[in-house]
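> Spelled out from the first residue to the last, the chains are:
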Amino acid sequence: MNDKHQDLVETMFPSDGSGIKPYEWMISPTRQRQWIDDKGIFLWLAFFFSEIGAGLYFMSLFYSFRPGIVLGWLITLVLGGLIHMLYLGNPKRAWRMIMKPNTSELSRGIWIIGVFAVLGFLQIITPGGFNMVFNFIMGILCLLIISHGFATMNVIRALPAWNSTIVLPLSIISGIWVGHQLLQLMFAISGNAAAASGMEVWAAAFFLAYFLCMLLYAWGTWHASGAAKAAIQRMLEGDLKQITYIGVGVLAILVPLVFTLIMWGGDTNGFLIFLRLASVCAGDLAIRYLIMKSAVYNPLI
Amino acid sequence: MPRWGMVIDVKRCIACWGCTIACKEEHFLPPGVFFNRVLIGESGKFPTSSKLIYPVLCNHCSDAACVEACPTGATYVREDGIVAVDDEKCVGCRACMVSCPYQQRTYYDEKVKDREYFPGQGKTEMEIIGEKLYPFKLGTVIKCNFCSERLEDGMKKGLTPGKDEDASPACVNICPVGARIFGDLDDPESEINRLIMEKKGKQLRKEFGTEPAVYYID
Ligand code: SF4
Ligand code: SF4
Numbered sequence: 408m409n410d411k412h413q414d415l416v417e418t419m420f421p422s423d424g425s426g427i428k429p430y431e432w433m434i435s436p437t438r439q440r441q442w443i444d445d446k447g448i449f450l451w452l453a454f455f456f457s458e459i460g461a462g463l464y465f466m467s468l469f470y471s472f473r474p475g476i477v478l479g480w481l482i483t484l485v486l487g488g489l490i491h492m493l494y495l496g497n498p499k500r501a502w503r504m505i506m507k508p509n510t511s512e513l514s515r516g517i518w519i520i521g522v523f524a525v526l527g528f529l530q531i532i533t534p535g536g537f538n539m540v541f542n543f544i545m546g547i548l549c550l551l552i553i554s555h556g557f558a559t560m561n562v563i564r565a566l567p568a569w570n571s572t573i574v575l576p577l578s579i580i581s582g583i584w585v586g587h588q589l590l591q592l593m594f595a596i597s598g599n600a601a602a603a604s605g606m607e608v609w610a611a612a613f614f615l616a617y618f619l620c621m622l623l624y625a626w627g628t629w630h631a632s633g634a635a636k637a638a639i640q641r642m643l644e645g646d647l648k649q650i651t652y653i654g655v656g657v658l659a660i661l662v663p664l665v666f667t668l669i670m671w672g673g674d675t676n677g678f679l680i681f682l683r684l685a686s687v688c689a690g691d692l693a694i695r696y697l698i699m700k701s702a703v704y705n706p707l708i
Numbered sequence: 085m086p087r088w089g090m091v092i093d094v095k096r097c098i099a100c101w102g103c104t105i106a107c108k109e110e111h112f113l114p115p116g117v118f119f120n121r122v123l124i125g126e127s128g129k130f131p132t133s134s135k136l137i138y139p140v141l142c143n144h145c146s147d148a149a150c151v152e153a154c155p156t157g158a159t160y161v162r163e164d165g166i167v168a169v170d171d172e173k174c175v176g177c178r179a180c181m182v183s184c185p186y187q188q189r190t191y192y193d194e195k196v197k198d199r200e201y202f203p204g205q206g207k208t209e210m211e212i213i214g215e216k217l218y219p220f221k222l223g224t225v226i227k228c229n230f231c232s233e234r235l236e237d238g239m240k241k242g243l244t245p246g247k248d249e250d251a252s253p254a255c256v257n258i259c260p261v262g263a264r265i266f267g268d269l270d271d272p273e274s275e276i277n278r279l280i281m282e283k284k285g286k287q288l289r290k291e292f293g294t295e296p297a298v299y300y301i302d
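Protein chains in written order, with my numbering: chain G, 408 to 708; chain Z, 85 to 302.
It should be emphasised that the hints constitute simulated quantities derived from the structure, not laboratory data.
Certain hints may be false.
Said to hold, decoys possible - Okay, the calculated bits of chain G under chain Z, using three or more residues with CB under 8 Å as the criterion:
| id | segment |
| --- | --- |
| 1 | 434 to 442 |
| 2 | 502 to 515 |
| 3 | 608 to 616 |
To be verified - Heads up, simulated DSSO-like pairs for lysine-lysine below, C-alpha to C-alpha not over 27 Å straight-line:
| id | chain 1 | residue 1 | chain 2 | residue 2 |
| --- | --- | --- | --- | --- |
| 4 | Z | 221 | G | 499 |
| 5 | Z | 108 | Z | 95 |
| 6 | Z | 129 | G | 636 |
| 7 | Z | 197 | Z | 216 |
| 8 | Z | 216 | Z | 195 |
| 9 | Z | 173 | Z | 108 |
| 10 | Z | 195 | Z | 221 |
| 11 | Z | 129 | Z | 195 |
| 12 | Z | 197 | G | 499 |
| 13 | Z | 240 | Z | 216 |
| 14 | G | 499 | Z | 195 |
| 15 | Z | 195 | G | 446 |
| 16 | Z | 129 | Z | 290 |
| 17 | G | 636 | Z | 290 |
| 18 | G | 446 | Z | 197 |
| 19 | Z | 173 | Z | 195 |
| 20 | Z | 108 | Z | 221 |
| 21 | Z | 195 | Z | 207 |
| 22 | Z | 247 | Z | 284 |
| 23 | G | 499 | G | 446 |
| 24 | Z | 286 | Z | 247 |
| 25 | G | 446 | Z | 221 |
| 26 | Z | 216 | Z | 241 |
| 27 | Z | 135 | Z | 286 |
| 28 | Z | 95 | Z | 286 |
| 29 | Z | 108 | Z | 283 |
| 30 | Z | 197 | Z | 173 |
| 31 | Z | 173 | G | 446 |
| 32 | Z | 135 | G | 636 |
| 33 | G | 507 | Z | 221 |
| 34 | Z | 129 | Z | 286 |
| 35 | Z | 108 | Z | 197 |
| 36 | Z | 216 | Z | 173 |
| 37 | Z | 173 | G | 499 |
| 38 | Z | 283 | Z | 95 |
| 39 | Z | 95 | Z | 247 |
| 40 | G | 507 | Z | 173 |
Because the structure is a prediction, the values reported are computed rather than measured.
Every residue, glycine too, gets a C-beta built ideally from N, C-alpha and C.
Just chain G, with the same shape it has in the complex:
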């Protein structure tokens, strides 16, 4: 069997049974592929980087920490933006979305990122940039960018696992949690141990909120509908279970919990903060991957 033949067989009868055979198609819960398989993987990364960049920017506003907003701005625009372009394949395509600002959640997101780019740049270069008005506007923009990825998914009624009300709080808290971790590491690296230690009190609160949102998401989705439940079942028992147990159970929950307990009371050190950050980032990537990969459509008949 040559490569082309192999490709055709894989197209018609994929190993996961979700093939496009014209007769056995959408008669059982069918998984979403476009926004996670092949080039769709770029969207997963683009949403993640936009979120953590905006999270870092958001947290830095509370500490008037310029290097934090510069790095957050760069991560959101360079990494987030670039990977979005890789998905679309051509910058001109993003331009066409900008030209239709009111058509959909995606085009509104592109606009928000555009406004964030301009106002963020102005805040970075303005000497008195950390004033109330600027901070307030940028804070709102950061929250919108953090939730942009999941908001885009949340409006898709066809996928009940994405259409859950807890998806937005989960994305906001995860962005703030990862942003907090990044900022804490920046403080630790720059020798500002007091600020890094002072931030630890928030680490426990954000971790707890993040953990509760995850639980609520799983519980709410399980009880929402048949297709939503099928998504959670795929995470817990199906082909995705290893990512769930290692990525979410260990990296997103257990390891950060252990480090948070070790650093309880502000007893922080740079290395532990780094290890917790690495684990939190990997865990957050795993959660996003699972939510995107596990979503299934209701069967048609």
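Knowing the structure of chain G, use the given hints to seat chain Z with the ligands on it.
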């Protein structure tokens, strides 16, 4: 202006896949791409189970999820109710594909374009001609268009869609048992409106609120 719609009589359908093939031929669809499918399923449990046969295609929804999701306005509802894609505006973001509860859209990329019906033996003349006669734009999303070209050409000749073959969708023409009825949903006298009223036509997955223009009767 008419609003085109279709009624499918699932009791009549014998699952011959004529519509699936006629559609592939009409639009020169590459391997693995279907604008029309006939789904075979089951309901109930043995010994009282029954076989379900459902021909499916784009529902040309009047409140289409794909239109709502499209960030460029490339997907739109035409005045005659047909949901179309303007490939000049489409950026291939696939929001429409993800949003369609009926999964009636296909992303047309190199991988799809390069598929051969006889793998490893090159494209047949039919495939080569098809790419010229019915070109799809790379990096865009394609879908059923209710054979809008046939409808428009036929109407220019004074023919009536749903009645005259030259003005009707290929899947309707091929159906050997007349399970597909095409017509104007806005005309209270039309055959399809009569069938929908008399036989209580149902839309597939009505709960998504997309208002499909394809109705099923049994
Ligand atoms: S069936 Fe899907 S692709 Fe067709 S109009 Fe409805 S939502 Fe759009
Ligand atoms: S892929 Fe094209 S038609 Fe579909 S939502 Fe994106 S721009 Fe619109």
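> Each hint should be assessed against the structure and marked as holding or not.
Against the structure, the hints:
1. A count of 5 residues in the segment 434 to 442 of chain G with a Cβ less than 8 Å from any Cβ of chain Z is obtained; the coverage claim is therefore met, three being the minimum.
2. Coverage of a stretch by a chain is defined here by at least three residues with a beta carbon nearer than 8 Å to that chain's beta carbons; for the segment 502 to 515 of chain G and chain Z the count is 9, and the condition holds.
3. Given as covered by chain Z, the segment 608 to 616 of chain G fails the check, having 0 residues with a CB less than 8 Å from a CB of that chain where 3 are the minimum.
4. For the given pair, residue 221/Z sits about 16 Å from residue 499/G by alpha-carbon distance, which is consistent with the 27 Å threshold.
5. Our distance criterion of 27 Å between C-alpha atoms is met by residue 108/Z and residue 95/Z, whose separation comes to about 24 Å.
6. Taken as a hint, the residue 129/Z and residue 636/G pair is honoured in the structure, with Cα atoms around 22 Å apart against an allowance of 27 Å.
7. Taking the CA atoms of residue 197/Z and residue 216/Z, the gap is near 12 Å; set against the 27 Å cutoff, the hint holds.
8. The hinted pair formed by residue 216/Z and residue 195/Z meets the criterion: a straight-line CA distance of about 18 Å does not exceed 27 Å.
9. Distance hint between residue 173/Z and residue 108/Z is fulfilled; the C-alpha atoms sit about 25 Å from each other, no more than 27 Å.
10. The hinted pair formed by residue 195/Z and residue 221/Z meets the criterion: a straight-line CA distance of about 13 Å does not exceed 27 Å.
11. Distance check on the hinted pair: residue 129/Z and residue 195/Z sit about 40 Å apart at the alpha-carbon level, beyond 27 Å; violated.
12. Using a Cα cut-off of 27 Å, the hinted pair residue 197/Z and residue 499/G holds, with the two alpha carbons roughly 23 Å apart.
13. This hinted pair checks out: residue 240/Z and residue 216/Z have alpha carbons roughly 24 Å apart, not beyond 27 Å.
14. Taking the CA atoms of residue 499/G and residue 195/Z, the gap is about 22 Å. The hint holds against a cut of 27 Å.
15. The hinted pair formed by residue 195/Z and residue 446/G meets the criterion: a straight-line CA distance of about 12 Å does not exceed 27 Å.
16. For the proposed pair residue 129/Z and residue 290/Z, the alpha carbon gap of about 24 Å is at most 27 Å, so the pair holds.
17. Between residue 636/G and residue 290/Z the alpha-carbon distance is near 20 Å, which keeps this suggested pair within the 27 Å criterion.
18. A threshold of 27 Å between alpha carbons decides the hint, and for residue 446/G with residue 197/Z the separation of about 17 Å falls inside it, so the pair holds.
19. As the CA atoms of residue 173/Z and residue 195/Z are separated by approximately 21 Å, the hinted pair is consistent with the 27 Å bound.
20. For the hint pairing residue 108/Z with residue 221/Z, the CA-to-CA distance comes to about 17 Å; that is within 27 Å, so the pair holds.
21. A C-alpha spacing of about 14 Å is found between residue 195/Z and residue 207/Z, which places the hinted pair at or below 27 Å, so the restraint holds.
22. A threshold of 27 Å between alpha carbons decides the hint, and for residue 247/Z with residue 284/Z the separation of about 22 Å falls inside it, so the pair holds.
23. Distance hint between residue 499/G and residue 446/G is fulfilled; the C-alpha atoms sit about 18 Å from each other, no more than 27 Å.
24. Between residue 286/Z and residue 247/Z the alpha-carbon distance is near 23 Å, which keeps this suggested pair within the 27 Å criterion.
25. The straight-line distance between the Cα atoms of residue 446/G and residue 221/Z is roughly 18 Å, inside the 27 Å bound, and the hint therefore holds.
26. Restraint check for residue 216/Z and residue 241/Z: the C-alpha separation of about 25 Å stays at or below 27 Å, so the hint holds.
27. Straight-line distance between C-alpha atoms of residue 135/Z and residue 286/Z comes to about 18 Å, which keeps the hinted pair within the 27 Å bound.
28. Straight-line distance between C-alpha atoms of residue 95/Z and residue 286/Z comes to about 13 Å, which keeps the hinted pair within the 27 Å bound.
29. Annotation: proposed proximity of residue 108/Z to residue 283/Z is violated, straight-line Cα distance about 30 Å (limit 27 Å).
30. A C-alpha spacing of about 20 Å is found between residue 197/Z and residue 173/Z, which places the hinted pair at or below 27 Å, so the restraint holds.
31. As the CA atoms of residue 173/Z and residue 446/G are separated by approximately 20 Å, the hinted pair is consistent with the 27 Å bound.
32. Taking the CA atoms of residue 135/Z and residue 636/G, the gap is near 26 Å; set against the 27 Å cutoff, the hint holds.
33. Between residue 507/G and residue 221/Z the alpha-carbon distance is near 21 Å, which keeps this suggested pair within the 27 Å criterion.
34. At most 27 Å may separate the alpha-carbon atoms for a hinted pair to count; residue 129/Z and residue 286/Z meet this at roughly 23 Å.
35. Under the criterion of a C-alpha separation no larger than 27 Å, the hint pairing residue 108/Z with residue 197/Z is consistent with the structure, at around 14 Å.
36. A distance of roughly 21 Å separates the Cα atoms of residue 216/Z and residue 173/Z; the hinted pair therefore holds under the 27 Å criterion.
37. For the suggested pair residue 173/Z and residue 499/G, the alpha carbons sit about 11 Å apart, so the restraint of at most 27 Å is met.
38. For the suggested pair residue 283/Z and residue 95/Z, the alpha carbons sit about 12 Å apart, so the restraint of at most 27 Å is met.
39. The hinted pair formed by residue 95/Z and residue 247/Z meets the criterion: a straight-line CA distance of about 21 Å does not exceed 27 Å.
40. Taking the CA atoms of residue 507/G and residue 173/Z, the gap is near 11 Å; set against the 27 Å cutoff, the hint holds.
Hint check: violations occur at hints 3, 11 and 29; the rest are consistent with the structure.
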